[in-house]
Each structure stands twice: as structure tokens, then as C-alpha cells.
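If you're matching them up, the sequences are chains A and B in order.
Using this note's numbering, the letters of the first sequence map in sequence onto residues 3 to 346.
Using this note's numbering, the letters of the second sequence map in sequence onto residues 3 to 346.
Just to be clear, a hint being listed does not mean it is correct.
What the hints assert, rightly or not - The calculated lysine to any residue pairs, modelled on SDA-like cross-linking and capped at a C-alpha distance of 25 Å, are:
no., chain 1, residue 1, chain 2, residue 2
1, B, 217, B, 244
2, A, 267, B, 259
3, B, 229, A, 267
4, B, 229, A, 165
Since the hints were made in silico from the structure, they are not lab data.
Please read these numbers as outputs of a predicted model, since none were measured by experiment.
Protein chains: 2
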Amino acid sequence: MGILSARQIKVLQAVIVVYIHSGEPVGSRTLSRSSAFQLSPATLRNVMADLEDEGFLCQPHTSAGRIPTDQGFRFYVNNLAGMAAVSPAARLHVREHLEVVGGRLEEVLHDGVLTLAQLTPYVGVVSMPDFRQMIIRHIRFVKLHERRILAVVVSVSGAVQNVLFDSDTNFSQDQLNHSSNYLNALLGDLTLSGIKRKVLQEMASDKRGYDELFKQVLALSKSFFAKDPEQQSDVMLDGKLNLLEHPEFADVERMKNIFRAFEEKGSILKILDGALGGEQLRVIIGSESCCEDMRHCSLVTAEYGRVDRTLGQIGVIGPTRMDYSRIIPLVNYIADAMSRRLQN
Amino acid sequence: MGILSARQIKVLQAVIVVYIHSGEPVGSRTLSRSSAFQLSPATLRNVMADLEDEGFLCQPHTSAGRIPTDQGFRFYVNNLAGMAAVSPAARLHVREHLEVVGGRLEEVLHDGVLTLAQLTPYVGVVSMPDFRQMIIRHIRFVKLHERRILAVVVSVSGAVQNVLFDSDTNFSQDQLNHSSNYLNALLGDLTLSGIKRKVLQEMASDKRGYDELFKQVLALSKSFFAKDPEQQSDVMLDGKLNLLEHPEFADVERMKNIFRAFEEKGSILKILDGALGGEQLRVIIGSESCCEDMRHCSLVTAEYGRVDRTLGQIGVIGPTRMDYSRIIPLVNYIADAMSRRLQN
DNA sequence: CGCTGGCACTCAAACTAAAAGAGTGCTAAC
DNA sequence: GTTAGCACTCTTTTAGTTTGAGTGCCAGCG
Numbered sequence: 003m004g005i006l007s008a009r010q011i012k013v014l015q016a017v018i019v020v021y022i023h024s025g026e027p028v029g030s031r032t033l034s035r036s037s038a039f040q041l042s043p044a045t046l047r048n049v050m051a052d053l054e055d056e057g058f059l060c061q062p063h064t065s066a067g068r069i070p071t072d073q074g075f076r077f078y079v080n081n082l083a084g085m086a087a088v089s090p091a092a093r094l095h096v097r098e099h100l101e102v103v104g105g106r107l108e109e110v111l112h113d114g115v116l117t118l119a120q121l122t123p124y125v126g127v128v129s130m131p132d133f134r135q136m137i138i139r140h141i142r143f144v145k146l147h148e149r150r151i152l153a154v155v156v157s158v159s160g161a162v163q164n165v166l167f168d169s170d171t172n173f174s175q176d177q178l179n180h181s182s183n184y185l186n187a188l189l190g191d192l193t194l195s196g197i198k199r200k201v202l203q204e205m206a207s208d209k210r211g212y213d214e215l216f217k218q219v220l221a222l223s224k225s226f227f228a229k230d231p232e233q234q235s236d237v238m239l240d241g242k243l244n245l246l247e248h249p250e251f252a253d254v255e256r257m258k259n260i261f262r263a264f265e266e267k268g269s270i271l272k273i274l275d276g277a278l279g280g281e282q283l284r285v286i287i288g289s290e291s292c293c294e295d296m297r298h299c300s301l302v303t304a305e306y307g308r309v310d311r312t313l314g315q316i317g318v319i320g321p322t323r324m325d326y327s328r329i330i331p332l333v334n335y336i337a338d339a340m341s342r343r344l345q346n
Numbered sequence: 003m004g005i006l007s008a009r010q011i012k013v014l015q016a017v018i019v020v021y022i023h024s025g026e027p028v029g030s031r032t033l034s035r036s037s038a039f040q041l042s043p044a045t046l047r048n049v050m051a052d053l054e055d056e057g058f059l060c061q062p063h064t065s066a067g068r069i070p071t072d073q074g075f076r077f078y079v080n081n082l083a084g085m086a087a088v089s090p091a092a093r094l095h096v097r098e099h100l101e102v103v104g105g106r107l108e109e110v111l112h113d114g115v116l117t118l119a120q121l122t123p124y125v126g127v128v129s130m131p132d133f134r135q136m137i138i139r140h141i142r143f144v145k146l147h148e149r150r151i152l153a154v155v156v157s158v159s160g161a162v163q164n165v166l167f168d169s170d171t172n173f174s175q176d177q178l179n180h181s182s183n184y185l186n187a188l189l190g191d192l193t194l195s196g197i198k199r200k201v202l203q204e205m206a207s208d209k210r211g212y213d214e215l216f217k218q219v220l221a222l223s224k225s226f227f228a229k230d231p232e233q234q235s236d237v238m239l240d241g242k243l244n245l246l247e248h249p250e251f252a253d254v255e256r257m258k259n260i261f262r263a264f265e266e267k268g269s270i271l272k273i274l275d276g277a278l279g280g281e282q283l284r285v286i287i288g289s290e291s292c293c294e295d296m297r298h299c300s301l302v303t304a305e306y307g308r309v310d311r312t313l314g315q316i317g318v319i320g321p322t323r324m325d326y327s328r329i330i331p332l333v334n335y336i337a338d339a340m341s342r343r344l345q346n
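Whenever a hint applies, use it, and build me the whole structure from the sequences.
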């Protein structure tokens with residue numbers, strides 16, 4: 003037990019390949035006919051029964067064909083799935099729609115999921131970078147009304163976040179400008195919390211002699227950073243309708259579950275960033291996501307970002323019966339394209 | 003024909019009320035028993051047959067009860083539906099979740115749809131104001147990188163829009179600040195296009211003598227306003243899952259259609275803003291929306307905004323079999339609460 | 001010992017038939 | 001104008017039957 007014979011592997015692979023394309027339980031007869039097996043249905047039955055004992059296959063009910071279990075798919079993805087090259091059509095599509103110039107971070111991400119939703123029959127998904135972990139290029143304060151201030155924070159990767167807060171004192175826009183300048187001069191390759199720490203340090207070391215400007219910056223920073231936990235970390239989805247085309251989601255109850263998971267994006271985010279800092283590409287199959295509502299879905303995701311720093315995950319959500327050998331390279335390809343675009 | 007007798011109206015109303023609560027076709031027997039009618043089923047049958055001839059009722063098939071047509075619902079909403087008072091529970095919920103202080107426009111709108119999605123079994127929907135029609139309070143330019151500039155535009159109602167653009171010349175942040183100040187001094191109760199026009203006018207009248215600063219502003223404005231059509235006008239939806247609970251959407255095909263309409267928000271926006279400038283409250287029943295995918299849905303929407311200016315529509319989308327007498331006052335109530343919150 | 005053919009068995013899906021139930025339209029009588 | 005009665009229609013439900021795909025197991029063969 004545990005280790006599979008060469009023949010078992012070959013049968014397992016055949017079952018999975020057929021199942022991925024047909025969506026129906028596959029029986030011994032089908033297998034014996036279609037594939038290049040020289041074995042009789044009876045023999046295949048024996049092999050399949052063994053594979054079932056090992057947990058790679060299962061039957062929806064007695065006397066139906068076998069379908070792969072999550073464990074079966076896992077073995078397939080890890081060991082058997084040959085990776086198809088990204089089709090020329092897909093490359094062209096990416097070149098035209100994704101590999102364009104610039105744009106805000108949000109737009110780039112949107113282009114990414116949109117492309118995935120168009121090139122696959124699944125749902126495109128991307129986790130938006132945690133703003134708190136992004137390196138800040140600019141902070142600028144805009145006086146709105148009395149003590150109400152809008153901080154515009156721009157990261158190196160082009161993400162823009164607006165933070166609304168109230169300051170204790172009533173600064174003029176000129177004062178805010180000066181403070182902005184001061185703060186921007188200070189920051190170099192730091193995240194928001196890094197900046198916060200640095201400002202506090204400068205204050206502690208009080209080598210600045212507490213000049214007027216510095217006091218302003220301090221007061222402002224205090225109010226501003228109090229608001230910091232304004233966390234926009236989020237996921238973006240596109241192509242939810244694609245799922246409706248798959249027979250496995252004709253069941254209304256199952257559909258509801260998945261759409262529920264989509265609506266409260268927190269659970270998806272948890273799955274996406276769950277094993278953060280792991281491999282560059284991840285495949286999460288069915289119950290591996292530990293999310294009950296997503297038990298019948300798989301995720302294929304890849305990291306995207308700049309060379310030095312991962313920003314988030316982009317990929318697709320589809321039924322466990324997913325065309326992994328086509329999707330995995332595609333997700334990789336698109337993550338790469340996005341990363342390149344973010345690089346400038 | 004055309005005009006309905008008192009008895010016909012009474013029957014029509016009874017059919018609709020029963021249907022709204024049961025969701026099943028209602029037959030003459032049910033009606034004769036339940037309601038305060040002193041009429042026999044046979045008589046009711048005659049009346050109902052007449053109502054069907056007039057187009058207010060229809061049968062899913064021979065020998066089923068009658069269900070109201072869109073026209074029937076229309077008559078009900080216009081003439082028969084007694085408006086229920088907003089329940090204390092709903093009032094409390096609104097007070098706690100919607101009638102809070104401040105926040106960006108986007109947050110306010112989000113609170114609005116969320117509240118609707120929680121207080122009704124339908125989908126909350128709000129059309130975001132067309133930024134181009136909003137009165138601008140602030141424009142501020144932030145230098146990002148070389149000639150790449152981020153304009154932060156803030157409206158009086160608290161909407162913030164970031165516009166990314168490239169200027170022809172490489173301004174310093176100080177120059178941008180001065181230009182911002184200049185521009186902000188100029189604008190008073192104007193929309194973006196109003197400002198554009200004004201700047202052009204000032205240029206034409208060249209009474210400024212073409213000083214250095216003004217030239218800057220001009221150059222900047224030219225690049226900035228070139229980007230103007232960056233239209234974010236959009237709709238926000240919440241509570242899509244609610245719809246799945248309704249028996250009328252157990253049919254997968256029908257569900258798909260509606261979710262398709264949700265995904266491409268343009269069509270919804272068209273419906274919402276279609277009869278813009280009309281009544282304060284609108285009810286759109288079934289095919290009246292002229293959107294094939296939404297044929298089985300009704301919308302109840304109300305205008306929201308500041309006293310002097312309508313910003314958009316907020317309301318719900320649900321099955322045509324909607325509890326209008328509860329929903330209409332509720333939507334009104336929530337639109338009011340939102341408008342009040344936006345007022346400050 | 002591995003493979004195969006044969007056979008009995010199981011189970012879901014498809015089909016058929018019959019019955020039940022709800023409701024209608026129509027007509028004749030009140 | 002209203003009603004009771006009746007024949008008719010059509011859906012829904014139930015049950016029973018058949019079909020077909022597939023399995024498990026056993027005995028025999030190389």
C-alpha cells in the first residue's frame with residue numbers, strides 16, 4: 003500500500019484524463035476500449051478497485067464508474083500532469099490586453115483577472131496587495147474642510163490609497179504641503195509602518211531641536227497613523243458567470259455555496275494568502291482549501307509582484323475537474339506578464 | 003373594457019396579495035375561501051377570466067390558477083398597494099448602520115446598499131454619481147514620477163477621484179502646489195467641465211497677462227482635462243445571494259440571465275439612470291425595464307442626493323413578486339437617510 | 001501468479017401507466 | 001347577476017418496469 007505500481011499509475015492517469023474531459027464517471031469498459039490498454043475490463047476493474055482502496059478514486063454510488071478523489075487529483079497534478087504550452091491565441095490575447103503600458107495598480111490587476119476570465123472557463127481571482135506591506139513613494143495631505151484631511155498615499159507599484167482623517171489642529175494647505183515635503187524627503191524604501199516607526203524614532207532622538215515644521219509633521223503623523231489600519235486588502239473576481247456553464251454546478255445548492263464564498267471575500271482571501279511565502283505557484287484542490295463552501299472547487303494561483311517583493315496571488319477558481327495541464331502554465335504565464343508590467 | 007369595476011379591482015387586489023405571499027398561482031377556490039368574498043368560486047372564475055382578457059392576470063398553463071401580469075402589478079402599485087410603515091426594527095437598523103457620521107461618498111453608498119440587502123430579501127443597488135456632474139471642491143496635483151502626475155479631485159459630497167495623467171512639461175511638486183492653489187481659488191460651485199470651460203475662458207480673456215504661474219496652470223489643465231472622460235460612473239450591488247432564496251430563481255437559466263445582467267453593470271446603470279430627472283421614487287416592473295435578462299425582476303428605486311442636486315438612485319432589485327407595500331416605503335426611508343448623511 | 005471471461009448482482013436513470021388534485025369553461029337553473 | 005354541477009384539461013405524484021452501465025467475484029487458462 004501507499005506506493006503505486008507503474009500500471010496503477012497509468013490507469014489512474016487515464017481515468018483522470020478521461021474524467022477531466024467528459025465530466026462523467028469512467029468505467030472499466032470505457033477505459034479498456036478508448037485507451038491504449040491491452041487489458042480487459044475485468045483486469046482494469048481490479049486495478050481500479052485497488053486505486054479506490056488507496057483513496058485515489060471513488061464511486062458516486064455502487065455500479066457507477068469511478069471519479070478521482072481530491073487525493074487522486076493531487077497525485078495527478080504533482081506527478082502526472084504534462085504541462086501544455088500556452089496556446090498562441092492566448093499569448094496574443096495577453097499581449098494585446100495585458101502587456102500594455104502603465105496604469106494604476108488596480109487597473110493592472112483588473113486586466114489580469116479579466117484576461118483569465120476570458121481565456122478560461124473559470125473565475126479569475128487576484129488578491130490585492132496588503133497596502134501595509136507596500137513600499138511608499140509619496141504621501142500627500144489635502145485639506146478638505148476645517149480639520150478634515152485627505153491623505154493620498156502612493157506606493158512604488160502604483161497603488162493609490164486615500165485615507166480620510168481628522169487632525170487635532172487646523173492646518174492650512176500650505177502647512178500641509180510643507181509637511182508632505184518633509185515626510186516625503188524622509189521616506190525611502192519603507193512601508194507605512196516603517197515610516198511610522200521612523201517618525202517616532204526621529205521624535206525620540208529629538209536631534210531636530212523641535213522646530214516648528216517638525217512639530218507639525220508630528221502632530222499630523224499622529225492623527226494620520228492612528229487611522230493606519232484602514233486595510234483595503236481585498237480580492238477581485240471576474241467571470242463568475244463562467245462557472246454556471248459547468249454541469250457540476252447545475253445543482254443549485256452547490257452553486258449557492260460557492261457564490262456565498264465569493265460574496266464574503268474574506269474566506270477567499272484567507273485561502274489565497276493562507277500559505278503565503280510558499281511556492282511561486284500553488285494548486286489547491288477541493289477540500290484542501292479547508293473552506294466548506296469551496297469543497298468542490300480548485301484554485302490555481304501564482305505569485306505576482308516585482309522582482310524583490312511579492313505583491314499577491316493571481317489565478318483561477320474552477321471545479322476540481324479542471325484542465326490543470328492547460329491552466330497551470332497559463333496562470334504562470336499571466337502572472338509573469340503582470341509582474342513585468344508592474345516592474346516599470 | 004379598459005375601466006375596471008369595483009369588484010374586479012377587489013378581486014385583482016386579492017389575487018396579487020395572495021400571490022405575493024404564496025408565490026403560487028391562485029385559483030378561484032382559494033380566493034373564495036380565504037378572503038372576505040361572499041362570492042362562489044364560479045363567480046370569481048368569471049371575474050378572473052375578465053381580468054385575464056384585460057391583461058391583468060394570466061395563467062402559466064390551462065388549469066392552473068392565475069398569476070398577475072406586469073400590467074397587473076403596475077395597476078396594483080399605482081392604485082392599490084397600501085404603504086406599510088417602516089418597521090421599528092428597520093428604523094433601528096438604519097439608525098445604527100446608516101445614520102452615522104461622515105465618510106467618503108463611496109462608503110456612504112456602500113452602507114446604503116448593505117442596509118437594503120440586510121433589511122430585504124432582495125439585492126441592494128445604487129448608482130454612483132456621475133463624477134462629471136459633481137461640484138468640485140478641491141483639485142490637487144501630486145508628482146509621481148517625472149511627468150507622471152496624479153490629480154486628486156474631491157467633490158463637495160465627499161467623492162474622491164484619482165486621475166492619473168502625463169503632463170507635457172516636468173513640473174516640480176512646488177510648482178504643482180502653486181497650480182493647485184491657483185486652480186482651487188478659481189473654482190466655486192462648478193463641475194469638472196465647468197472648471198474646464200472657465201479655465202479656457204480665462205485664457206481667452208488673457209487679462210492675467212500671461213504670467214508664469216498661469217501658464218503652468220494652463221499647461222497642466224490641458225493635460226489633465228484631456229483625461230477627463232475617465233468616467234467612473236458605476237453601480238454597486240450587494241446581497242446578490244438573497245435572490246437565490248426565492249423559488250422563482252430556482253430555474254438555473256433564469257438565474258444565469260440575472261447574474262449576467264449583474265456582471266455587466268452597464269445595463270443596470272442604463273435602467274437606473276434611464277428615466278433620470280423623473281419622479282423621486284420609481285418602480286420598474288418586469289419587462290418595463292426593457293432589459294431581456296431582467297424580465298422577471300422589478301426595481302424599486304429612489305433618488306438620493308443633496309437638497310439642491312440629485313446624485314443618483316438607490317433601491318432594490320427583486321422578483322416581480324415583490325412585497326411592494328413594504329419595500330417602497332423602506333427604499334424611500336433609506337434614500338432619505340442617505341441624503342441626510344450626505345448633506346453635511 | 002497474473003489475466004480473462006462469465007455471471008450474478010446493484011443501482012440510477014429512463015420510461016410508462018395510472019391516479020390524484022387543482023382549476024377551468026360552460027351550461028342550466030335559481 | 002349568481003351559482004351549482006359537470007366534463008374536461010393539464011400538472012404532479014406515485015409506482016412499477018425496463019434498460020444499461022458497471023461492479024465483484026469466481027473459476028479457468030496460460
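Comparing the hints with the structure gives:
no. : hint          : verdict
1   : B:217 x B:244 : 55 Å, violated
2   : A:267 x B:259 : 23 Å, holds
3   : B:229 x A:267 : 32 Å, violated
4   : B:229 x A:165 : 24 Å, holds
Hint check: violations occur at hints 1 and 3; the rest are consistent with the structure.
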